[in-house]
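These are the residues of each chain, in order.
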Amino acid sequence: MDLLTPDIGLLVWQVVIFGLLFFLLSKFAWGPIASSLKERENSIQGALDLAEKTRGEMAKLKSENEQILAQARIERDTILRGAKETADRVIAEARDKAVAEGQRMLEQARDAMQNERQALVASMKKDVVNLSIEVAEKVLRRELADKASQEKLVQDLVASSRLN
Amino acid sequence: MMSSSINRFLLAFALLFSTVAGAFAQEHTAEGGHEAHAEEKKGFKVGDMITHHISDDKGWEFAHGLTLPLPVILYTADRGVEVFSSSRLAHGEVYNGYKLEHGHVHRVDEAGKPVEDIHVSDFSISKNVASLLISALILFFVFTSIAKSYTVNKGKAPKGLQSFLEPIVMFVRDEIAKPNLGPKYEKYLPYLLTLFFFILVNNLLGLLPGGANLTGNIAVTMVLAVITFFVTNFSGNKHYWMHLVKPTGVPVALLPIMIPVEIVGLFMKPLSLMIRLFANITAGHIIILALLSLIFIAGQASAGTGYGVSLIVVPFTLFMNLIELLVAFLQAFIFTLLTSMYIGSAIEDHHEADHGIGYEGPGEEIG
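Chains as they are written, first to last, in this note's numbering: chain H, 1 to 164; chain P, 1001 to 1367.
Bound-form chain H, shown alone:
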């Protein structure tokens, strides 16, 4: 039963050495190790938290961006639509105006042409009359240059008037 009887010498040494070991390790090893581990864990946790936060911010930013984009798209659509409407209106107006102007110019041209023609016709008529008179005068002068022809004419005239 020697095994089960604690030896006083070893007991004392164990108390002394274990106590000393505990004291020294607590002071020089466990303290720094535990605090370093904790510090590192905190820094890792901090980094993770920061990453999470950044991700949240990114998501927020992204959704904001999307919102802005959507808004911009809507705005662009309205602007485009407005522009198109304006353009259509302008075109339509311009066309109407152009048509009206054309009509008016046509009318004017027609009027002018009418006037010109009338003037032309009038002057032609005058010219033709003058020419006819001249021709008639010349013919008459030649026809009635001698006596015989004058008589013949009178005879013809009489003959024709008789018929009437």
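It cannot be assumed that every hint is accurate.
Dumping the calculated DSS-like pairs for lysine-lysine here, alpha-carbon to alpha-carbon at most 30 Å [as the list claims (entries may be wrong)]:
no., chain 1, residue 1, chain 2, residue 2
1, H, K27, P, K1154
2, P, K1187, P, K1246
3, H, K38, P, K1156
Facing chain P, a subset of chain H residues (Cβ under 7 Å, in silico) [stated by the list, open to error]:
no., residue
4, D7
5, G9
6, L10
7, Q14
8, I17
9, L21
10, F22
11, L24
12, L25
13, A29
14, W30
Computed spacing ranges between beta-carbons, pair by pair [said to hold, decoys possible]:
no., chain 1, residue 1, chain 2, residue 2, range
15, P, K1156, H, L48, 17 to 27 Å
16, H, T5, P, A1077, 20 to 30 Å
17, H, D49, P, P1071, 54 to 64 Å
18, H, L48, P, P1209, 47 to 57 Å
19, H, D49, P, P1247, 41 to 51 Å
20, P, L1161, H, L48, 19 to 29 Å
21, H, V15, P, L1161, 25 to 35 Å
22, P, V1261, H, T54, 50 to 60 Å
23, H, T54, P, G1210, 57 to 67 Å
To be clear, the hints were calculated from the coordinates, so they are not data collected in a lab.
These numbers come from a predicted model, not from an experiment.
The beta carbon of each residue, even a glycine, is placed where N, CA and C say it ideally should be.
Using the hints, position chain P against chain H.
Structure of chain P alone, referenced to chain H:
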């Protein structure tokens, strides 16, 4: 890697000694029946060999005839403190009126008779104390160097020894201290870490060939258990002591039975710690030594039997060594776990009845 070298050593050791024993046996049978019979009886006593190996010793015997003498420190009321080498007491020699008998130093008179009325207090640096010192030095240098590398490698990933031991430190902190001690774990963490690594290192050193059986020594486990007992009871809060005097949910009629049971339980806890570690480690050593003894016992019959038996025994010893390696870690873990459970039960804030949690924990069954 360590275990394989241990086993390789053991294998060589076993084979070497089986040959020697075989040779001896042969020699003696040749000499003649009568003497050989007597020699055989004396030749190999398994019990003595095992006891010798698992007990403390004044010198450190690495192999037969190769003993490192260690200082013997004695205190007697009449002569005061005396220090001399353990080699002076070797082989039952008397030195300065002291004689070593069965591991104990006695005062003897000129005739060699023990003097009964003088009590010799023995504070020798025995094999166990030397091993204790070595383990303490190992622990101190390893962990202070690691602590230093924490400041050197600050903000960097751990490397080398630091990265090897860090998971173990973290394991003690996260799996043993935190769950059992709650938010106040930091106060007890240094003790738990010291305890864990002290037991682990000494368990492992004890497995080395020639190593001292320190954690299988009742004095050592007793000191550890008593420290745990003191730590537990000095940190016990009101609930802990109230639970002792008036366990919650127990009818008043049962109190005369329950209170003694609780008080016995108070002392059973460190007692179980003490015996568990001692018994586990010592038993492991005994099994390995007994297995190896089989070779020598068989070798006494004939050398061939010795060789034959060694073929079976050596692989089995190797297997037992691996089991011992596991036990070394397991017992360090269990001792630390139970210590933290006991402390945890003493410092726990009871908002509800304690249903045995942290009192007779699940770890109780292990080992």
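- Query: Of the hints given before, which are not true for this structure?
  - Reply: No numbers; nothing is violated.
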